[in-house]
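Working from the sequences, and respecting the hints, build out all of it.
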Amino acid sequence: MPLLEGITIVDFSQFLSGPSASLRLADFGARVIKVEKPKTGDICRQLYVSAVEIAEESTIFHTINRNKESFTADLKEKADQEAIWKLIGAADVVMHNFRPGVMARLGFSYDEVKARFPQIIYAEISGYGQDGPWADLPGQDLLLQSLTGLTFLNGEEYKAPTPMGISVVDLLAGTQLAQGILAALYRKEDTGRGSLVQVSMLESAMDFQFEVFTTFLNDGEELPQRSKVNHGHCYIAAPYGVYETKDGFLALAMGNIVTLGDLLACEELAVFDDPKGWFDRRDEIKAVLAAHLANNTTQHWLDILEPADIWCAKVLDMEAMMEEEGYQVLEMEMEVRTTNGDRIRTTRCPIRVNGERILPGRGAPFLGEHNDALAREFGL
Amino acid sequence: MNPESKSTTKSLPLEGVIVLEFCQYLSGPSAGLRLADLGARVIKIENPGKGDLCRILPIKNRWVENDSLLFHTINRNKESYTANLKSEHELAEIKRLIGKADVLMHNFRPGVMEKLGLGYEAVKALNAGLVYAEISGYGAEGPWARKPGQDLLLQAMSGLMFASGNQKDGPMPFGLAIGDMLCGAQAVQGILAALVHRKRTGKGSRISLSLLESLLDMQFEVLTTYFASGKRPLRSAVNSAHPLLGAPYGIYATKDSHLAIAMIPIAPLREALGCGELERFDQSMVFTHRDAIKQVLADFLKSATTDHWLAKLREKGLWAMDVKDWKQLKATQGYRQSNLEQIIKLTNGQSIKTNRCPIRIDGEVLLSDRPAPTLGEHTASIKQEFN
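Heads up: the sequence lines are chains W and U, in that order. According to my numbering, the first sequence is numbered sequentially starting from 1. According to my numbering, the second sequence is numbered sequentially starting from 1.
The hints are simulated quantities; they were obtained by calculation from the structure and are not laboratory data. Even for Gly, the Cβ is constructed at its ideal location relative to N, Cα and C. Any given hint might turn out to be false.
[What the hints assert, rightly or not] Computed cross-link-like contacts, PhoX-like style, restricted to lysine-lysine with a CA-CA straight-line distance of at most 25 Å:
| # | chain 1 | residue 1 | chain 2 | residue 2 |
| --- | --- | --- | --- | --- |
| 1 | U | Lys115 | U | Lys50 |
| 2 | W | Lys188 | U | Lys100 |
| 3 | U | Lys124 | U | Lys168 |
| 4 | W | Lys159 | U | Lys50 |
| 5 | W | Lys188 | U | Lys203 |
| 6 | U | Lys199 | W | Lys114 |
| 7 | W | Lys246 | U | Lys147 |
| 8 | U | Lys345 | U | Lys330 |
| 9 | W | Lys246 | W | Lys188 |
| 10 | U | Lys231 | W | Lys276 |
| 11 | U | Lys203 | U | Lys255 |
| 12 | U | Lys255 | W | Lys159 |
| 13 | W | Lys314 | U | Lys231 |
| 14 | W | Lys246 | U | Lys124 |
| 15 | U | Lys255 | U | Lys316 |
| 16 | U | Lys203 | W | Lys159 |
| 17 | U | Lys100 | W | Lys314 |
| 18 | W | Lys76 | W | Lys114 |
| 19 | W | Lys228 | U | Lys316 |
| 20 | U | Lys199 | W | Lys314 |
[What the hints assert, rightly or not] Pair ranges (Cβ atoms, derived):
| # | chain 1 | residue 1 | chain 2 | residue 2 | range |
| --- | --- | --- | --- | --- | --- |
| 21 | U | Asn348 | W | Pro275 | 23 to 31 Å |
| 22 | U | Asn84 | W | Glu356 | 18 to 26 Å |
| 23 | W | Pro360 | U | Lys316 | 51 to 59 Å |
| 24 | W | Pro275 | U | Asn84 | 47 to 55 Å |
| 25 | U | Lys312 | W | Asp342 | 19 to 27 Å |
| 26 | W | Pro118 | U | Leu85 | 40 to 48 Å |
| 27 | U | Gln283 | W | Gly341 | 28 to 36 Å |
| 28 | U | Lys115 | W | Trp85 | 26 to 34 Å |
| 29 | W | Asn354 | U | Lys316 | 51 to 59 Å |
| 30 | W | Gly355 | U | Lys312 | 52 to 60 Å |
This is the structure:
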């Protein structure tokens, strides 16, 4: 029996942060009913990336919203509101990622939902929290990375502040919303008690940086410095970073510089025998390493370093990775099908339960696909 | 019987849950930290010599007494119990503890726990309702299973290094341990879902994760796009911020600093900025002419300050932000109102400022001033409590 069988979630969220959370909960067996506005639905349906479409809708929508149901409702119409109240009455969790104030204006704030259904777990993601000077700003991933200093952690020092090229703040905020929902569900089993769970992308972005931000708070607030050479991490010593070789790239994590120098037959490194210098003089050390490693192939270096338990790895792009048995053995790919017969190859839930991969084959719903079925089921 | 909770929040959702954390470094311990902040009692099981090796792994040479500041950051709000797992006697005591616990989590390499007699099947025999969570680098099967599961190396192997930076750059790492953090976050989800399940059925579960699977899941949009199109989405040549997104998405240098521009259609962007040079592009070109559009914008934006452009864009409700560092962030009213820091009090009177749990429950911020434990600090008291 799936872990969350019997749990029903009414999900008003759109784009990535909220829907990625409900995707994971659906993977665990919860029933997720997306509430979407008529005609256009979740904005993500029209978010195109390059020219790739599946069934006239964006690939991205299909990736994030597989295995969910879709119910359309105009939240400003009385009749639709009545239907939503009935759905909520049958649910364990209500979730959204509208800007602060929107749900209240529509009549579906936590206070209003709690008044009718005190056992509800009500979960919301905002960009910047419910109050404060930023509450009305768009909670968009790049903007949050930029606001919270994340962009000064990536790329060499001479480069402009560089964002992380995946929507990390959205994804992390989604994981935290799911965590809060699950913790609340756990408590509710014994107490029958509902909860309010709130996450903001601002708080998520800061939590993501907790190790380095804590260092900053306690070292006199010195701003992080990126390496000038092959930057890997602002706070980690040489050799941490990625080095170009004759035929590709090699990643080196933490290691003893003198040992490394011996193994690589790189005499210039022998002089760095004080571990403290591995951070303080890291650019010097990395420059020496960079010049040395460029002289031979990635495999040549791996053949020396891996048997000596040095932390290193070949850098692979997506296609190269997919050719490797180490990737194939994971069986990360999964095919899902929509009711229209579209087949989409995507990735599966990364978590295995009781040794089994989670492979629900159901694709994303078309807009309003489950209106009739839900109307019959819940007397809407 | 439980040590007095130092949390300032009245009632936490995971109160009463006992977690045995056989983890070190970041992926497992960050999950343990989240569970502790949500109210669980998290007991680190450490070997008596050096314990969690993060204790001796400083970043920027910062220490708090005998342990690194880094260790303190990740392991606050937990207890520490030392045990030599190769000693029959101490292993027996651990097994007694396991019998009373709700969750066991570890991030040893595959096979290590089995060799110690603490693999899932053995533990399930001791406690059928236990939730057993294991994190590895690359999974338990295949030619990579023995490789060290270190974050930078996982980034390298997972294709992730071709997401950030510009197309002509080489591979670029994420400057934080994203693999560790995401995998830890997903471990929390798996553990909590399993705990809910146990309430309903009485049955425990085995939750298995790897940093590699987590990093692949993180790239789910790019991978699905690749499967559908046969072409790997590439970074922009100019100010790339996300391979999947068209112009203008990116960070641009201005006269005095940098400006982030998110999804804004070309026509409103052109009008708000007064950038006539964008006239020759329309919305249908945001991918086909991505670099050309961004280059025009990049050249144009250098002519005035960030504040100048931000005002124009905000006036029209267009999505932009000035790029801040931490000092600039801390100086804002928004930061101060968000209550993002908390203070940890050490037994020697020293205090550490750190982040707090990002999740709010019932309108309350979750704070805890309890410090990280010294090695084995609670071994004696726990032995007494559980025997």
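Each hint tested on the structure:
1. U/Lys115 <-> U/Lys50: Roughly 21 Å separates the two Cα atoms, so the pair holds.
2. W/Lys188 <-> U/Lys100: Holds - the C-alpha atoms of U/Lys100 and W/Lys188 are around 22 Å apart, at most 25 Å.
3. U/Lys124 <-> U/Lys168: With Cα atoms ~52 Å apart, U/Lys124 and U/Lys168 exceed 25 Å; violated.
4. W/Lys159 <-> U/Lys50: violated, 39 Å
5. W/Lys188 <-> U/Lys203: Roughly 18 Å separates the two Cα atoms, so the pair holds.
6. U/Lys199 <-> W/Lys114: holds, 24 Å
7. W/Lys246 <-> U/Lys147: holds, 23 Å
8. U/Lys345 <-> U/Lys330: holds, 22 Å
9. W/Lys246 <-> W/Lys188: violated, 59 Å
10. U/Lys231 <-> W/Lys276: violated, 45 Å
11. U/Lys203 <-> U/Lys255: violated, 62 Å
12. U/Lys255 <-> W/Lys159: Measuring from Cα to Cα gives roughly 16 Å; hence the hint holds.
13. W/Lys314 <-> U/Lys231: This hinted pair holds, its Cα atoms lying about 22 Å apart.
14. W/Lys246 <-> U/Lys124: violated, 50 Å
15. U/Lys255 <-> U/Lys316: Roughly 22 Å between the alpha carbons, so the hint for U/Lys255 and U/Lys316 holds.
16. U/Lys203 <-> W/Lys159: violated, 53 Å
17. U/Lys100 <-> W/Lys314: violated, 44 Å
18. W/Lys76 <-> W/Lys114: OK: W/Lys76 and W/Lys114 at ~20 Å, within 25 Å.
19. W/Lys228 <-> U/Lys316: Judged against 25 Å, a Cα distance of about 39 Å means the pair is violated.
20. U/Lys199 <-> W/Lys314: violated, 44 Å
21. U/Asn348 <-> W/Pro275: 23 to 31 Å: Between U/Asn348 and W/Pro275, where Cβ atoms are some 26 Å apart, the hint holds.
22. U/Asn84 <-> W/Glu356: 18 to 26 Å: violated, 34 Å
23. W/Pro360 <-> U/Lys316: 51 to 59 Å: Violated - the Cβ-Cβ distance for W/Pro360 and U/Lys316, about 42 Å, lies outside 51 to 59 Å.
24. W/Pro275 <-> U/Asn84: 47 to 55 Å: violated, 28 Å
25. U/Lys312 <-> W/Asp342: 19 to 27 Å: violated, 42 Å
26. W/Pro118 <-> U/Leu85: 40 to 48 Å: holds, 47 Å
27. U/Gln283 <-> W/Gly341: 28 to 36 Å: holds, 31 Å
28. U/Lys115 <-> W/Trp85: 26 to 34 Å: violated, 56 Å
29. W/Asn354 <-> U/Lys316: 51 to 59 Å: Check passed, 53 Å falls within 51 to 59 Å.
30. W/Gly355 <-> U/Lys312: 52 to 60 Å: holds, 57 Å
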